[in-house]
Amino acid sequence: MLEIVQTNENNYISIAVTGDADASSSIKLDKGLRSAFDESHSNIIVDCTNLNYISSAGLGVFMSYIEEINQTNTTFVIYGLSEKVLKVFGILGLDQLLILRKTKEEALAEINGL
Amino acid sequence: MRISLVVALLLWLIMTLLDVLQVLAFRSDVDLGISPVVPVLIMDFFFVFLVLYYRLRITKLESTDFIDYLWRVFAIGLVATLVSVAIGLFNSSIADSALAKNPFLEEVLFSIRFGMVSVFLISTFTVWKKLILYQKSKRLVLWWNVFEGIVLLSIFFDLTGAELQTSDLFKVLFGIITLMALILSANLKWVAYLNFKQKWKSILLILLITIYLGYFFASIYVPGEDTMDNLKSIDNLFVISLFVFLLFYSIFSLLVILFNLPTSSVFEKKMEEAINFQRLSQSIQQGENENQIFDILLTSSMSAVYADAGWLEIDRNKQGTEELEVRRKNLSPTNRLEVIEQIKTSKQKSVLKNPLSKATEQDQTLVVFKKSNFRSVLIVPLVIQEKVAGHMYLLNELSDGFNKEMINIINTFASQASISIENFRLLGEALENERYKKELNIAKKVQRALLPENLDHDSCFQIHAYTQAPDEVGGDYYDTFKLSDHKFVVVIGDVSGKGTSAAFHMSQMKGIFQSLVQLDLAPDEFLVKANKALSGCLEKTSFITLSYFVIDTERRSVEYSRAGHCPTLFYSSQNASAEFLENKGLGLGILRNDSFKNYVFVNKITFQKDDIIVLYTDGISEASNHSGEEFGYERMKKILTDNAKYDAVSIQKTFIKKLFEFCEDKNLNDDYTMVVIKFK
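Those sequence lines, one after another, are chains A and B. Position 4 of the first sequence, counting from 1, maps to 3 under numbering that gives the first Met the number 0, and the rest follow consecutively. Position 659 of the second sequence, counting from 1, maps to 658 under numbering that gives the first Met the number 0, and the rest follow consecutively.
This is chain A alone, in the form it adopts within the complex (with noise of 0.2 Å):
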């Protein structure tokens, strides 16, 4: 099961993604995140304390947007991922590609450019 919640603030758009991201829940992230893109913000940050687990089509999700973030100048952070998620990131080599935070504020100033 995945739960998908975004929440628009100030200067950002903030998606928590709740959960197992797993072969059938990716395309639910997918949308999650497709929703938030199409809004153009410049700044959206992914809260993902609460992913349990995620499958490589999940991942593969994640890697889809890289393109467009590059492409649009999106400043696109993820924060919260626990030690597990956070070494199937780096194991794939996205870590060299997304920015990838600790904690909130980590990906708050990363926005604000700090």
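Think of the hints as simulated: they come from the structure by calculation, not from any bench. Where a beta carbon is used, it is the ideal one built from N, C-alpha and C, also for glycine. One thing to keep in mind: the hints can contain errors.
[Claimed, not checked] Across the chosen pairs, the derived CB separations fall in these ranges:
(1) B/E538 to A/T71: 15 to 25 Å
(2) B/N597 to A/D37: 27 to 37 Å
(3) A/D37 to B/D593: 24 to 34 Å
(4) B/K531 to A/T71: 17 to 27 Å
(5) A/T71 to B/C459: 47 to 57 Å
(6) A/D37 to B/N372: 56 to 66 Å
(7) B/R554 to A/A108: 48 to 58 Å
(8) A/E8 to B/N597: 30 to 40 Å
(9) B/E538 to A/D37: 12 to 22 Å
(10) B/D641 to A/S34: 44 to 54 Å
[Stated by the list, open to error] Negatives, chain B to chain A, calculated, CB over 10 Å:
(11) L23
(12) R26
(13) N90
(14) K128
(15) R138
(16) W199
(17) L206
(18) E267
(19) N329
(20) D551
(21) N624
(22) S626
(23) F661
Put chain B on the given structure of chain A with help from the hints.
Frame of chain A, contents of chain B only:
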């Protein structure tokens, strides 16, 4: 069977002969010295064999057509009557001649008549038995057996020489048989199964049979004045009992059939309903399709409630079409629309709860019109797989055309048809699934063939691979290639996602590997080229992780690059410890432009004797047990260290065994692959 008939005939001939002889002896006052018991016995055995013959004959006939049975009895009766009448006419025609007084001729004629009547009586008896025992109960069979036993025993009663008029025993026995005959005559279940036409036929046939019986009784038991005493058969308990029983049953049947005539149409209707019900439930087995079931439903429902017209609306659930499929009967399309309009405007609507369902949409509706060709309409929903899949409209020209009985019947019809269609659809789905399964099995075989059976190697190292997928097809990939006598490429990969799409991408990977590997590229160059090739054909959200190894057995070195794949486990015999080879590298298909080359690197190690490389996919390292704990790197390191002294095959087997132990009975839900290389 034939033998008993022949014996009966012979006995009859002997009997006739004896009678004639007796008359002769009587005339000439000669004592033949024959005991008076002998002719009686012969007659008795004649009866016995006749009974035997008919019993055997009737068991051979396994017809359930009662008219057929009655017809046989009638035919025998007709022959007997004709013979009897002919003899009567012959007698009267020669009344004036000397021949009339001839006792021999008279004796012979009587014997013929007697024989015919016996045949008629006994054949009728067996047929009546068949009718009485139709739909028999245990009790009835017992009753009948007792009755038949007594009647058959009564054949030999005449050996006592007792007569009705004088013997009390005769009277008592006769009384018992008559009583039993009366009781047994109440068994007329077969009558119910006759249709109207058959009932009329039966009445006619039984009436004629009754007339025969009366005629024979009269002709035999009302003897002429000059008939000799020994010809009187009134003292034969068997014959008289038979007469009484046959007559009773005939009269009973006649009356019952007659009184059943007015209600027979109701019974026929019920039978028809039962048959229609059966047709609805059986139609699937006969390989009929849904439309035929709908047609049977409409036709049988209409006839069950005497509807004048009707139609079915079926929602085929075809996407994009709201249109209902309509099957009409006795109604034109315009009339149908008129009726629908009237239903909409009618104020006299009543909803009848469906006893089988709580949902209001599954209720039936009864509509009454004031001014129309049709005065009442019954609307029945068809519920298939718990969804309303259509409606049946039944129209009647009379107001209040549908009573409760009828509505109940329609309910059963509709639900039976729904079950049939449900079964039909399920069967179809099952067949479809079966087909998919077969296709997937083929895919599995094809994919299996993509993985190498023999792995390229030389005498410097041992290599062994193992792979397993929970789905029919998987996304794990490994391969080898021999670049030269001492240079080998080993590759392991994992396609993101699972199942069929992963399997397709895996086959693309195989193609790319087999083409590029021949160029003898450096590991990182290979990855860059592979990434470029895959960029065009991978789905947007798909990627492939890969580890690429070039083993040089001459230089005893391994060059490798990693593209997002799980880190390789390496055991050094010198250190007697296992470590994961750390190097950076991005998965294939993640960056689909030229910048990818910035994210892949080449590393190099040298190997010594008994060093081990373990390649695997994340299905192994990330396999979890019930408490969500992962198999993990530490466990893998320990297993390898503990088992380093064994050969590649044993190491793989131990790994998988330990993996299963760790996961216990939890099903592995990912593909898992392992390649073990042990240097010599």
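Exercise for the section: Go through the numbered hints given earlier and state which of them the structure violates, listing their numbers in rising order. Expected result: Structure breaks no hint.
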